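Could you build all of it, start to finish, from the sequences and the hints given here?
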Amino acid sequence: MIELLQYLSFGPGGWGQALTAATFTTVAVAICGFFIGGALGALIAWGKLSGGSVVRFTADSYTTVLRGIPDLLVIYLFYFGGSLLLSRVASLWGVQGFVGVPPFAAGAMAIGVVSGAYQAEVFRGAFRVLSKGEIEAGRSVGMGRFLLFRRVIVPQVFRHALPGIGNVWQMVLKESALISVTGLVELLRQAQIAAGSTRRPFEFFLIAGAIFLAITWFSQLVFAWFERRTGRYMSGGLV
Amino acid sequence: MPEITDMQPVISLRGLRKSFGQLEVLKGISLDAHKGEVIAILGSSGSGKSTMLRCINLLEVPTAGEIVIGSETVALKKSGQGLAVADQRQIDALRSRAAMVFQSFNLWSHMTILENVIEAPVHVQRRPKAECVAEAVALLEKVGIADKRNAYPGHLSGGQQQRAAIARALAMRPEVMLFDEPTSALDPERVGEVLAVMRSLAEEGRTMLVVTHEIGFAREVANRVVFLHEGVIEEDGPTEQVFTNPKSERFRKFISNSQHFRQPEHV
Amino acid sequence: MDLIFIRDSFLQLLSGVPLTLELTAFAFVLGLIFAMLLALMRVSGIRVLEIPASVYIFIVRGTPLLVQIFLIYYGLGQFRPTLQSLGLWQFFRDPYWCGIFALSLNSAAYGSEVLRGALKSVSKREIEAAKACGMSGLLLYRRIILPLALRQALPAYGNELILMVKATSLVSTITMMEITGIAARLISETYRPVEVFIAAGAIYLAINFLLTRLVSWLDWWLTPHLRGVPAATPKAEHINA
Chain A
10 MIELLQYLSF GPGGWGQALT AATFTTVAVA ICGFFIGGAL GALIAWGKLS GGSVVRFTAD
70 SYTTVLRGIP DLLVIYLFYF GGSLLLSRVA SLWGVQGFVG VPPFAAGAMA IGVVSGAYQA
130 EVFRGAFRVL SKGEIEAGRS VGMGRFLLFR RVIVPQVFRH ALPGIGNVWQ MVLKESALIS
190 VTGLVELLRQ AQIAAGSTRR PFEFFLIAGA IFLAITWFSQ LVFAWFERRT GRYMSGGLV
Chain B
30 MPEITDMQPV ISLRGLRKSF GQLEVLKGIS LDAHKGEVIA ILGSSGSGKS TMLRCINLLE
90 VPTAGEIVIG SETVALKKSG QGLAVADQRQ IDALRSRAAM VFQSFNLWSH MTILENVIEA
150 PVHVQRRPKA ECVAEAVALL EKVGIADKRN AYPGHLSGGQ QQRAAIARAL AMRPEVMLFD
210 EPTSALDPER VGEVLAVMRS LAEEGRTMLV VTHEIGFARE VANRVVFLHE GVIEEDGPTE
270 QVFTNPKSER FRKFISNSQH FRQPEHV
Chain C
1490 MDLIFIRDSF LQLLSGVPLT LELTAFAFVL GLIFAMLLAL MRVSGIRVLE IPASVYIFIV
1550 RGTPLLVQIF LIYYGLGQFR PTLQSLGLWQ FFRDPYWCGI FALSLNSAAY GSEVLRGALK
1610 SVSKREIEAA KACGMSGLLL YRRIILPLAL RQALPAYGNE LILMVKATSL VSTITMMEIT
1670 GIAARLISET YRPVEVFIAA GAIYLAINFL LTRLVSWLDW WLTPHLRGVP AATPKAEHIN
1730 A
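Respectively, the protein sequence lines represent chains A, B and C.
Per the working numbering, residue 10 is the first one in the first sequence, and the count goes up by one each step.
Per the working numbering, residue 30 is the first one in the second sequence, and the count goes up by one each step.
Per the working numbering, residue 1490 is the first one in the third sequence, and the count goes up by one each step.
Keep in mind the hints are simulated off the structure, nothing from the lab.
The structure presented is a predicted model; accordingly, all values stated were derived computationally and were not measured.
Glycine included, each C-beta is placed from N, C-alpha and C at the ideal position.
Hints should not be assumed to be uniformly reliable.
Claimed, not checked - List time: in silico PhoX-like cross-link candidates among lysine-lysine, alpha-carbon distance up to 25 Å:
no.: 1; chain 1: B; residue 1: K107; chain 2: B; residue 2: K158
no.: 2; chain 1: C; residue 1: K1609; chain 2: B; residue 2: K158
no.: 3; chain 1: B; residue 1: K107; chain 2: C; residue 2: K1620
Claimed, not checked - With beta-carbon atoms standing in for the labels, derived distance ranges:
no.: 4; chain 1: A; residue 1: S70; chain 2: C; residue 2: L1711; range: 28 to 36 Å
no.: 5; chain 1: C; residue 1: R1614; chain 2: A; residue 2: Q229; range: 28 to 36 Å
no.: 6; chain 1: C; residue 1: T1701; chain 2: B; residue 2: Q154; range: 24 to 32 Å
no.: 7; chain 1: C; residue 1: L1711; chain 2: A; residue 2: Q229; range: 47 to 55 Å
no.: 8; chain 1: A; residue 1: G61; chain 2: C; residue 2: S1677; range: 37 to 45 Å
no.: 9; chain 1: C; residue 1: A1514; chain 2: A; residue 2: S70; range: 23 to 31 Å
Written out as C-alpha cells, the structure is:
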C-alpha cells in the first residue's frame, strides 16, 4: 500500500506528475473529438432530415459504415493515412522521409469521425420528438428559417438529445484510451510506460482504471445536472 | 387433500383487514362460501371487492385476519405492520384449488391457447400431458373456442380470450372459481358470450365467487349476493331477498343508480 | 487506388475471420450467461446480491475495455506464482483466453442492463396469472418470466453481438492475429493504410450484416405470437398439441 502511494507521488521517482499530465491529455483529446463529432453529427443529421435522396444515402452510408467497423481501424487510418498524406505533401515542399501526423490530431479526428455517426443518430432522434406543431407555430408568427432554427429547434433538440449525447460522451472518453496505439501519451499509454518501468502492470492499470472511473463518474454527475436544469420546462419533469 | 363436506364452508374469511399504506381498504370482512354457491360480489369502485377476492388466493396479503380454504388455514406470520406469507408451498397448492379469472384475461402471450390451458395442469399439478391435452380440448369446446387452440392470445378477440382464460382456470379442476370483474374489459357485444359460459358453469353446480358490475347477471344467475361499501359488507344474503328487501340504504341506491343507465344483461 | 492490392489484402485479412468469429462466439455466450446472473442479482431484491452486482456493473461500464484487457493480460501476469499454484496460469498467460475473459466480463456488464430492462418489462398481469395458478420461484421464472424477457431483450441484445465483433479488434493489441491484428501488420509492412482499411472495413461490415440478419430471423422465429392473425384451424377430430 505504501508502495502504491510512492508510485503516485509527485516528486522524482513518482509517477504522479506524469499520470496527471496524461489525464489532461486524455480529457483534452476526448473533448476535441467530441466536439468534432458534434459538428459532424449535426451536419449528418441535417442531411438525413432535410436532404435529397443522394444526401440521405451518403449520410446513411456514413453512419452505417462508421458504426459497423472497429474504432481501432479508424484510428489506424487517420494516423497512418494522415502521416502518409502529410509525408506526400511535405515531399512536395522538399522535405524527405516520413512525416508523422501528430497523434493527438489523428486521434481526435478519428474519434470525431466515429462519434459523429452516433451523435447524428442522437440528434435525428431528438429532432423527431419535436412536434411539427411547434415549427408551424414559429412559422405562423413570421419567424424566418434561421430564427426558427436558433430559437425553437436548437434549444428543444438540445434538451431531448442530452441523455443520448451524455452516452456518446462516455463512449468518447473510453475510446480515447485506444489512441494509445498511436503512441500518444494519454492515460493508458502513460500507465503502460510506468508499468513497464516498474514491472508493476497490475497496480498501474488499476490506477488508470480508477482515474477513468473518476472522470466518467464526474461526467455523469455533470450531465445529470444539465438534464435537471433543462428539464425544468418540460411537462412531467424529466423525460 | 382435506375432504370438503357440504356443511363445511369451501372458503372462510374471518375479520379480514387490508391497508395500502395509510389507506384501509378492507375493514373487517367475514364471509363463508359454501359448496355450490354462486356469490355475486357487488359494490362501487374502491369498495374493496377486488381486494377481498385477491386476498382469497393471496395475491394480496391481508393486514389482519384469517383465511381458511377447505379445512386448511392459510399460514401467515407477522411482518412489519401486517402479515406475510409463511409457507409459499402451501399457497401454491391452495392456488390450484381456487382458480382465478382476471379482468384483463392475463393469458400468457408467448403460448398458444392450448398451451395456456395445459400449462398449470402439466407443470404445477404434474399431471400427465396427454391427459391434460385431452381435457383441455374438451374444455375449449365447452367454452366454444376449440378451433382457436393453436392461435396466440394476441390474435383473439376479448371475448374469446376471456373464454380461454375460463378454460384455463377450469383445467386446474378447482374446487372454487374466483372471477375478478370478468366482463369489465370487454366490448358490450362480447359480454354476453362470456356471461353465457359463466351461467352454464353455475348451472353445473360449481362454487363461484364473482366480483362484477353486471347486476343482471347477479340477479339471474347468482344464488347469493354480497354488497361491499368502503371495505365493509353491508348486504349478504340470498339473491331474491337482497334485491327485494335490501337492508342497506346504500345498496338500494346502488341498484337503482345502475339500472338508470342500462337494462340488466339477459344471459 | 490499387484494386489488385485491395483484393490481395482482402484475402490475407480473411484468414483472420475464423479467429474473430471464435472470439466473438465464446465471449458473447459467456458474457450472456454472466449477464443473466448479474441481471437476476440486480432484480432479486436481496441487497447482498444487488449491491455487488451494481458496483461491478458501474466499474466495468465506467472504464475502457482496453484498460480491462491490459489489466487482465499484463496485470495478472504479476501474480504468476499464485496463479501457477492454483493451476490457472496456463489460462491467464494465453492472450486468447485472456481476451475472451476480458471481453465476456465487459459484455456482461452492458448486457445485464439490457436483460434487467427486459425482466422488468414482463407484463405484471401475466406473472399474476401464473402465480394464481400456483406457480412460484424457479417454475415461474422458467416458464413465464424468462421466455417473455428473453424475447423482449432480443433486438437490443442482438446489438450487443455486433458490438462484440467490434470489440474483438482490441485483442489485436495483445498479439492476437484476428482481422484487425492482420490489418495492423499489413499497414506497417506495406504503408498502404487506405486500401487495407477498405478491405478490413468491408469484411467487418459483411460480418455485421450477416449477424444482423441472423438476429432478425431469430426474432421472427421466436415471436409467432406477435405476427398477423392466422386463419382459424378447422374443427378437428385430432388432438395435436
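Here is what the structure says about each hint:
Distance check on the hinted pair: K107 of chain B and K158 of chain B sit about 40 Å apart at the alpha-carbon level, beyond 25 Å; violated. Distance restraint check for K1609 of chain C and K158 of chain B: the Cα-Cα separation of roughly 31 Å exceeds the 25 Å cut-off, and the hinted pair is therefore not satisfied. Simply put, K107 of chain B and K1620 of chain C have alpha-carbon atoms about 22 Å apart, close enough for the 25 Å limit, and the pair holds. Taken as a hint, the range 28 to 36 Å holds for the pair S70 of chain A and L1711 of chain C, whose Cβ atoms sit roughly 31 Å apart.
Checked against the given bound of 28 to 36 Å, the beta carbons of R1614 of chain C and Q229 of chain A, roughly 35 Å apart, stay inside it. At about 43 Å, the beta-carbon gap between T1701 of chain C and Q154 of chain B misses the expected band of 24 to 32 Å. Evaluation of the 47 to 55 Å hint for L1711 of chain C and Q229 of chain A yields a failure: the beta carbon distance comes to about 35 Å. Against the hinted window of 37 to 45 Å, the Cβ-Cβ separation of G61 of chain A and S1677 of chain C comes to about 42 Å, which satisfies the hint.
For the pair A1514 of chain C and S70 of chain A, the beta carbons lie near 28 Å from each other, so the given range of 23 to 31 Å is met.
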